[in-house]
Amino acid sequence: MIALGIETSCDDTAASIIEENGKILSNVLSSQEVFHKDFGGIVPEIASRKHSELIGYTIVEALKLSGKTMSSVDLISVTKGPGLVGSLLIGIEAAKALSFALHKPLIGVNHLEGHIYSLFLDCSPLSRVSDPFPLLVLIVSGGHTELVLMRSHLTYQVIGETRDDAAGEAVDKFARFLGFGYPGGPIVEKLGSNGNSNAYKFPGLSFKDSSPYEFSFSGLKTAGVYFIEKNPDAVRENIQDVTASFENALINILVERTLKAAHDFNVRGVGVVGGVSANERLRKTLNAKSDLPVYFPAKILSTDNASMIAFAGLMHFKRGEKDDLMLDAHSRLGL
Amino acid sequence: MREFKFTTKSEFETFSLGNEISSAILESQLKNFIVLLCGELGTGKTTFTQGIARGINSTDVVQSPTFVFLQTHKGIVSLYHFDLYRINNPSELDELGFFELIDRDGIVVIEWGEKVENFIDGDMKVTFNKLVADTREIVVTVYNDSIKDLYRRRKHESIML
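Here the protein sequences line up with chains Y and G, keeping their order.
Residue 2 is where the first sequence starts when you use my numbering, and the numbers rise one by one after that.
Residue 6 is where the second sequence starts when you use my numbering, and the numbers rise one by one after that.
You may find that some hints are simply not true.
Computed footprint of chain Y on chain G; a stretch qualifies when at least three of its residues, placed anywhere within it, have a C-beta under 8 Å from a C-beta of chain Y [said to hold, decoys possible]:
| id | segment |
| --- | --- |
| 1 | 75-84 |
| 2 | 107-117 |
| 3 | 121-130 |
Listed next, the stretches of chain Y that the computed footprint assigns to chain G, with coverage defined by at least 3 CB atoms under 8 Å from CB atoms of chain G [said to hold, decoys possible]:
| id | segment |
| --- | --- |
| 4 | 22-31 |
| 5 | 84-97 |
| 6 | 215-229 |
Computed list of lysine-lysine pairs in DSSO-like fashion (alpha-carbon distance at most 27 Å, straight line) [to be verified]:
| id | chain 1 | residue 1 | chain 2 | residue 2 |
| --- | --- | --- | --- | --- |
| 7 | Y | 202 | Y | 24 |
| 8 | Y | 97 | Y | 290 |
| 9 | Y | 202 | G | 14 |
| 10 | Y | 202 | Y | 285 |
| 11 | Y | 202 | Y | 290 |
| 12 | G | 79 | G | 36 |
| 13 | G | 135 | Y | 202 |
| 14 | Y | 285 | Y | 300 |
| 15 | Y | 261 | Y | 300 |
| 16 | Y | 231 | G | 79 |
| 17 | G | 14 | Y | 231 |
| 18 | Y | 319 | Y | 261 |
Bear in mind the hints are in silico, worked out from the structure with no lab data behind them.
We put the beta carbon where it would ideally sit given N, CA and C, even for glycine.
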């Protein structure tokens, strides 16, 4: 069985072809440099209508790289939310058109569920664990920070989320305030990789009335901005230590909350997905502090991609589920 | 044009001010009300918007829409919460359909409103200035005559409390 995945929920237009077991045959992102060369232009940072220019090209490219043709595709999986409705609709309408014209089954996938299923793709270590449940998954990116408990495949209980900024957003804004471009996470990571992460003190969680699994990064972000304003010398002379310390404070919040939840819910393992899951310091810290096995997707699959959407769709389809042409976008879709 | 100055000493006070202003907007009975929020990182724009959301009786957790650009919340009226942080060029707003989106019925709150001040007619502008530590000066400029005196409203509210 072959599945086509389409993802347009945010900045990237993405398409992928996978096999039934989660083996990736192609994984195309419109932000990839190769793609730009072919397309002959730079895609703006945020511009949903660009999706409509790129979507056809992206799907054709995914098919070409996989060596498959559209007629050999058995299922079309597409992100239905959460995200910007205007962006989501472009992927959804393309998927519907293909489904209608070629008589292929269609399935709408929750973007967050897609991220979770990046852990189960064939190239991820978790795909070789026979019974990983109950599993705790931390979804952490520029737009999301939440803890999800899975007791079996395709069942989710959100046990905590951020009450203000997402973790990746706090790092991006800190980086932008330092004068770096977007996304700032990878820049901060690179600068801080050889820095002393205990050189400067940044605050942890400051609120008292929260649930033990809730996150907040707005306080840390503000503290980071103050620090940069008040300590120009440190920023100029010790940028490596400054970035390492900030990143470390953020990661400690993530790790502390995640491991507390993992302990309280007595899970068998912890998965981490989303853009920030590519961060090496997060990977190392969590592995060092956890008694349980910790699973990450391949780094290229940490950020938004269509392979994860294709695979989550396949999981639903194998249970007999599918959508019809009434499929619609949902901006605030939860798990 | 009228200007109202407030000083808040904590996140909660910024939240409360948002909440009060939300009520003032609802009282005006205007179908579409655009609020521009201006100010640096970490000055309380999202916290203020959380107060507005509470004012329309939304039970949603109001997270920062920086990444997704727009978050919609349903309540007594709809709240469209935009964040233009990642917009670098006004042409991107066109690509996103921004100018059509802000025309809807409800309260439209736009973080980083500085970036669109010259292109759209806001009904209110709220500027956040950091004084010291947790203290903020919040200047509310009202362009729409349907909004009552915000100071009087504030006094009234504190008597009620």
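Hints versus structure:
no. : hint            : in the structure
1   : 75-84           : holds (count 3)
2   : 107-117         : violated (count 0)
3   : 121-130         : violated (count 0)
4   : 22-31           : violated (count 0)
5   : 84-97           : holds (count 3)
6   : 215-229         : holds (count 5)
7   : Y:202 <-> Y:24  : violated, 44 Å
8   : Y:97 <-> Y:290  : violated, 46 Å
9   : Y:202 <-> G:14  : holds, 24 Å
10  : Y:202 <-> Y:285 : holds, 20 Å
11  : Y:202 <-> Y:290 : holds, 20 Å
12  : G:79 <-> G:36   : holds, 15 Å
13  : G:135 <-> Y:202 : holds, 22 Å
14  : Y:285 <-> Y:300 : holds, 14 Å
15  : Y:261 <-> Y:300 : holds, 25 Å
16  : Y:231 <-> G:79  : violated, 40 Å
17  : G:14 <-> Y:231  : holds, 20 Å
18  : Y:319 <-> Y:261 : violated, 34 Å
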